[in-house]
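Q: From first to last, the protein sequence lines are chains A and B.
Once you know that position 151 of the first sequence is 151 in the numbering used here, the rest is easy, because the numbers rise by one and skip nothing.
Once you know that position 205 of the second sequence is 1205 in the numbering used here, the rest is easy, because the numbers rise by one and skip nothing.
Think of the hints as simulated: they come from the structure by calculation, not from any bench.
Please note that a few of the clues may not be correct.
Straight-line alpha carbon distances no greater than 25 Å define the calculated SDA-like cross-link-like pairs of lysine to any residue that follow [as the list claims (entries may be wrong)]:
id, chain 1, residue 1, chain 2, residue 2
1, A, K113, B, R1080
2, A, K160, B, D1060
3, A, K113, B, S1247
Derived CB-CB ranges, DEER-like [as the list claims (entries may be wrong)]:
id, chain 1, residue 1, chain 2, residue 2, range
4, A, D182, B, D1292, 49 to 55 Å
5, A, R14, B, T1227, 55 to 61 Å
6, A, M1, B, D1292, 53 to 59 Å
7, A, E275, B, A1089, 37 to 43 Å
If we take Cβ atoms under 7 Å as the criterion, some of the chain A residues that face chain B in the derived model are [as the list claims (entries may be wrong)]:
id, residue
8, Q76
9, L221
10, N223
We put the beta carbon where it would ideally sit given N, CA and C, even for glycine.
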Amino acid sequence: MMDLNTVKERAGPREFSPADDLPREYREAATRMIEFHANSEIMGAYLERPFIRQSPSIDRKLAFSAKVQDEIGHGQLLYRAAESLGVKTREEMLDDLANGDGKFLNCFHYPLKSWVEVPMISFFVDGAAMRRQATLRRTSWEPYAHAMDKVCFEEGFHVKHGEDILKELMTGSRKEQQMTQDAFEEWWPRIIQFFGPTDDKSTHHDFAAAVGLKQQSNDDLRNAFLDQYIPKARKYGLEIPDEPRIRERDDGTYAVEEDDLDWDEFFTIAKNEYEPGLGQINGRKQAQEAVDWVRETIEADAPTAGGHEPQAAD
Amino acid sequence: MATPDFSDPEELSARERQALECLIKRLADDEFVLAERYTEWQVRAPTLESDLALANNAQDELGHARLWYDVLGDLGYTERELVYEREPAEFRHSTLVELPFEEGDWADAVLRSYLYDVAEELRLEALEDSSSPTIANRVAKIQQEEGYHREHAQNWLERLAEGESGSGEGHERLQAVLDRLFPHALTIFESCAPPRGANDANDASGDEPRAAGSDVEADIVDFGLRTATLEELGEEWLAIVVPYLESLGLDVPESGQTGDGEFEFEVTQEMLPPERGRDGTHTDAWVDLYDDFTHTYRELGRSEPTKIMDTPE
Chain A
1 MMDLNTVKER AGPREFSPAD DLPREYREAA TRMIEFHANS EIMGAYLERP
51 FIRQSPSIDR KLAFSAKVQD EIGHGQLLYR AAESLGVKTR EEMLDDLANG
101 DGKFLNCFHY PLKSWVEVPM ISFFVDGAAM RRQATLRRTS WEPYAHAMDK
151 VCFEEGFHVK HGEDILKELM TGSRKEQQMT QDAFEEWWPR IIQFFGPTDD
201 KSTHHDFAAA VGLKQQSNDD LRNAFLDQYI PKARKYGLEI PDEPRIRERD
251 DGTYAVEEDD LDWDEFFTIA KNEYEPGLGQ INGRKQAQEA VDWVRETIEA
301 DAPTAGGHEP QAAD
Chain B
1001 MATPDFSDPE ELSARERQAL ECLIKRLADD EFVLAERYTE WQVRAPTLES
1051 DLALANNAQD ELGHARLWYD VLGDLGYTER ELVYEREPAE FRHSTLVELP
1101 FEEGDWADAV LRSYLYDVAE ELRLEALEDS SSPTIANRVA KIQQEEGYHR
1151 EHAQNWLERL AEGESGSGEG HERLQAVLDR LFPHALTIFE SCAPPRGAND
1201 ANDASGDEPR AAGSDVEADI VDFGLRTATL EELGEEWLAI VVPYLESLGL
1251 DVPESGQTGD GEFEFEVTQE MLPPERGRDG THTDAWVDLY DDFTHTYREL
1301 GRSEPTKIMD TPE
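If we strip away everything but chain A, and leave its shape as in the complex, we get (with noise of 0.2 Å):
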């Protein structure tokens, strides 16, 4: 098995896939931060899937519709690429989701109550995600890296329309605009906090940094997120609320003052413990449960008991 030294040392992207024998602790931490990106994948599909039927034409509902499935392929890829660390099963992970200890992004555990919501998943929040899977094509574990090439091509439409929508609602009538400033300024804070804790309160960073997991800090891809999308909302009109401030440096890059952002909030949610975060962790367990009969039908069914998901009625 190769030493952790030597993990460390040839740590570069793609370097590191199944057909290495890597330590458990590389195959673990890697495991968490792909299960967390999967199941962030199918948490924000079930968070937006209201919305298909919500959207106010057929083409937006396509568009939403094959959204919501991009999501879904996207957990999929995930969970293929975790499962391929020989940690955990697929279906070890979604039971987890189920039951509360499976983790995922922030902004999946706050209710999506309204269409003029929409744009802040589809287009700041997708925004954010693409700069840190961009980052992510680059990681160590290949079958990682090569997952992200799909999801962010997949991802780039999905912010697309998501700033269609946004454009859409911002040239809209005076109650649109309102409602959608309104949604921007309750948001916001939220998606800045995307990005996780500042970097020395990270607490899984310098590992995922050391063996090239991560390639990027917190910190970092936050002030980049900032400087490209700040100038994106004013754009579309969005007044930046007050808080959290952000402070404008000489070179026009911006940074957040981070003790204006609620962190207890963040790590209540960190622990599944916020409470719409958790009705929507039932909702869906709820739903997973009311398909066992259907999974349980078809395994007995499966000429391949164990092992490999049945795939000729998918």
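For this one, chain A is given, so just place chain B on it according to the hints.
A: Just chain B now, with coordinates in the frame of chain A:
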């Protein structure tokens, strides 16, 4: 009678236009509402793989709905008028597609898809040589996708019906769903009532309501818009679905099968649900669904004309 020319919507007589609208609204509304129901399975299907597959079906049906609504667009209707501002009672879809799914009832999802997709295939075949070139042109594209839907549904039906637990849960659930859905599936072949106001006189009597609609039905075939009658389609449908469902070990409710194994589509009032869909009568579930999919449109006030200036003080 000479087949009318449907290539120029501007030139249609009132009767021709009525026949075209009646035919297309059924097609479009069926696809649109079924897609709405299918999307309920997104992020809720039994496996990630089946989740992706059902999302595909939903998007296919939505795409078809859009193609059919576009035909009505040629007659001057907008999407707003056809979808977001049409009164729920003006929709003409079959009640089969509007029924809600009970949570986790995957047997319903696949059986409903099967019952619908067989009917859809037959209906599209009867439109291949439509006298309306816009209709005929759309058929081929749609047929390709529907064929896949039916295969997918049958594949699942067979797994659920046969499973090792053969006499078990899958079979039981399918039978319960079949009993519930079958009468609603028969409404696919019901005639549409004529447009608003035209059949008011018929509302009171028992056998009359379908007569006024029948004139439009006769026109649809006489004008060559569709090359088979609803009865013919219904008989073909029974001849396919009844033996198939029986081969899965399911008991098919009263279906109009005659002693010699032939099918006659003689649907009686008793065989149909109280709401027929085609004539604008719908179940309560439809109103809830309608309220939900028009929610954002109303919330944003998109139906209100844009005000040029605020009301002066």
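Q: Compare the structure with each hint and give your call.
A: Evaluation of the provided hints:
Between A/K113 and B/R1080 the CA atoms are separated by roughly 23 Å; this keeps the pair inside 25 Å, and the hint holds. Between the alpha carbons of A/K160 and B/D1060 the distance comes to roughly 22 Å, so the proposed pair stays at or under 25 Å and holds. At roughly 47 Å between alpha-carbon atoms, A/K113 and B/S1247 are farther apart than 25 Å, so this suggested pair is violated. A C-beta distance of roughly 23 Å is found between A/D182 and B/D1292, which places it outside the suggested range of 49 to 55 Å.
Separated by about 58 Å at the C-beta atoms, A/R14 and B/T1227 satisfy the suggested range of 55 to 61 Å. Judged by the Cβ atoms, the range 53 to 59 Å given for A/M1 and B/D1292 holds: they are separated by roughly 55 Å. About 40 Å separates the C-beta atoms of A/E275 and B/A1089, a value consistent with the hinted range of 37 to 43 Å. Checking A/Q76 against chain B: minimum C-beta separation of about 4 Å stays under 7 Å; hint holds.
A least Cβ separation of about 27 Å between A/L221 and chain B goes past the 7 Å threshold, and the interface hint is therefore violated. Because the smallest distance between the Cβ of A/N223 and any Cβ of chain B comes to about 33 Å, over 7 Å, the interface hint for this residue is violated.
Against the hints set out earlier in the document, violations occur for numbers 3, 4, 9, 10.
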